[in-house]
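Chemist: Spelled out from the first residue to the last, the chains are:
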Amino acid sequence: MNGSNQLRRTKVIRPATFSPLTIVRGARDLIHYRDLLLTLTIHRINVRYKQSALGIAWAVLQPLLLMIVYTIIFSVVVKMPHEGGPYAVFVYAALLPWTFFSTAVTTSASSLVAHNNLITKVYFPREILPLTYVLAAFFDFLIASVILMALLGSYHVSLTAGALLVCPIMLVAVLFSLAMALLLSAFQVRFRDIGIAMGLLLQLWMYATPVVYPYSIVPDRFVFWYSLNPMAGVVENFRRVILQHGTMNMAVLLPGVIVCMLLLPLAYLYFKTSEATMADVI
Amino acid sequence: MYDLEFHSVSKRYRLAGRSSNRGLLDKLRWFGRRSGSFWALRDVSFGVRSGEALGIIGHNGAGKSTLLKLISNITSPTEGEIRIRGRIAALLEVGSGFHPELTGRENVYLSGSILGMRRAEINNKLDSILEFAGVLNFADVPVKRYSSGMYVRLGFAIAAHLDADILLLDEVLAVGDAKFQERCQERILELKANGTTIVFISHDLASVRRLCDRGLLLNHGRLIAEGTPSEVISEYALLGRERNRVEESELVNARKPARVTAFTFLDESGRPTTELQTGFPACAIVEYEVMHPVQHAAISVLFYASGDWTVASHFTTIDLPLHLPAGTGAIEFSTDELTLPPGAYAAGCSIEDDRQQIDFVSKTYFTVVAGKPVRGRFHSPHTWRELRYTEAVSHEPSRTEGDEKP
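Read top to bottom, the protein sequences are chains A and B.
Following our numbering, the numbering of the first sequence begins with -9 at its first residue and continues without gaps.
Following our numbering, the numbering of the second sequence begins with 86 at its first residue and continues without gaps.
Heads up, some of the hints might be wrong.
Said to hold, decoys possible - Straight-line Cα separation of at most 30 Å, DSSO-like style, residue types lysine-lysine; simulated pairs:
no.	chain 1	residue 1	chain 2	residue 2
1	B	Lys229	B	Lys277
2	B	Lys229	B	Lys210
3	B	Lys264	B	Lys210
4	B	Lys277	A	Lys1
5	B	Lys264	B	Lys457
6	A	Lys1	B	Lys210
7	B	Lys264	B	Lys277
8	B	Lys210	B	Lys277
9	A	Lys40	B	Lys341
10	B	Lys210	A	Lys40
Hints were generated in silico from the structure; no laboratory data involved.
Can you make the complete structure from the sequences, with help from the hints?
Modeler: Written out as structure tokens, the structure is:
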């Protein structure tokens, strides 16, 4: 039953070190465990919808209800300037990537703490846990996108080929969510405060992102600092390519992309270093 | 060729105490101050050859679980290096990773992939796993509706189907009913015969003796003996007395009026042992030290089965009023026929004063092996007397009536 001896992998376990090699080793290990990532993601999606009465409708309900509330507040009660179609479409196109980010980060932040029984009993690359939540949130995003299509149709907004640019834009959103998921989940193992602060943090973060208001009203002197938030570039450009015929605003996207590219390897490194003793402190 | 090598491995834990509930502020306040730490394992080196079965024994706190966590990579060493050649399967806690809402079949996929199986591999083994666990007809029932036996069996079946080069075993052999335990043992012996390397960490000394080729003894984080299972097991029995002396010096609460200094089972010739026989005499000695005289003392001896439930507790209060004067003393507990069925057990003993517990010693592990055959849950001491047929029918009705009203 044992495969030929040559095929055996030799694994060496040493005290954790904070070195770039850790990233390479971690990534290789992760590829080895890709089936677990797939199975757990499917499980995540299954379980969420199996236990709830409304099932998959929840994926749509959250951005849809927020859209209705924001539309009432910012287009009926207060007049918020907006561009590229009615306010409902304007805000929904921003709520889609934002809801993805906020769901991905909130759910994954507590992923390790929630699975402490697994972490203290079985080994597998721990990043799989936060990763599955990000992937499950992306699945929700895809479902909720169907509503955007319907909304665009009913308001007679036409899509152009430029709308395909949402793919690279969402890639930035996924990578940034991953970085935050890795950082916050590992941090929460040591400091439970993260779980409590999560709701507040994301609420504030939403107002630092052009979700309910257009990017164009941000004063010029704040633009640089504002665009360091990768989600600002993602949300603004997501909305632009859908509603304004494929024109991108690179000035707001680029700083965020750079932040994201720097943050992701650092977050992974921090995660892998903290993983070594995670089971002792969780 | 070694499948598993430990090179001067040490593991230090921080004594953070409430670490899991600690907040950010607490952490910052303590930042810079060196918190206490202790070495759960210190400079441990050993190797396990390919195809060998190694048993690791030791008292609670000797570092066994830490060793297990290091081998299964759940936690990393503080110093040293561990080399593992091949795929490892850890049967630490069967059924971890089960989700109650999912069906048995779905859980096989979930738990199997957590244990490191590929999807294709699970596809191939699914039927065999469900059959081994005896839940083939319940494959599509959510596991929350399973009996605890089914749950455990399914967990074990998944782990037993991992094509591992190295099998890491905990107390798993003690789960399920007798019939299933037998199948587990068979399966393990089968894997062993196929050349799987086995590392078995247990209190079940009889199983270690039966299953292992070699043994290691851990004490206070250090490797203190290595040899054949029998050699190591007899070292372990001697350790029972040593251990309590060491613990004594570490006792923080010195204001106890009395304390247990040793608890030892003795064999017929009066030597310390960890192996008893069902249906045969058993004898244990509780040694104690009294600092302040205890007026209404009671000493108890308790037996626990795996899973920590108390099987029996015996108190001196019923038969023997005790007044303990200052000094040292000992009390003997003995039974003519041990009623415990074969298995792994732990014993504990305590001293009470007027129903207030003064001292309690950590558990001493022992094994009960088959002596007289047990049919049922325990051996009950009994005698048979053959009665003549005529005597049996000559019972008078008036006599039975009289018996009913004492």
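Chemist: Determine for every hint whether it applies to the structure shown.
Modeler: To see whether the hints hold, each was checked on the structure:
Annotation: proposed proximity of Lys229 of chain B to Lys277 of chain B is violated, straight-line Cα distance about 33 Å (limit 30 Å). In summary, the hint linking Lys229 of chain B to Lys210 of chain B is supported, as the alpha carbons are separated by about 23 Å, within the 30 Å threshold. For the hint pairing Lys264 of chain B with Lys210 of chain B, the CA-to-CA distance comes to about 22 Å; that is within 30 Å, so the pair holds. A threshold of 30 Å between alpha carbons decides the hint, and for Lys277 of chain B with Lys1 of chain A the separation of about 22 Å falls inside it, so the pair holds.
Proximity of Lys264 of chain B to Lys457 of chain B is assessed by CA-CA distance (about 19 Å); at most 30 Å being required, the pair is judged to hold. Only pairs whose Cα atoms come within 30 Å are accepted, and Lys1 of chain A paired with Lys210 of chain B is accepted, the gap being roughly 26 Å. For the hint pairing Lys264 of chain B with Lys277 of chain B, the CA-to-CA distance comes to about 20 Å; that is within 30 Å, so the pair holds. Of the supplied pair hints, the one linking Lys210 of chain B and Lys277 of chain B holds, its CA atoms being roughly 20 Å apart against a limit of 30 Å.
Only pairs whose Cα atoms come within 30 Å are accepted, and Lys40 of chain A paired with Lys341 of chain B is rejected, the gap being roughly 56 Å. With a C-alpha separation of about 26 Å, the suggested pair Lys210 of chain B and Lys40 of chain A falls inside the 30 Å cut-off, and the hint holds.
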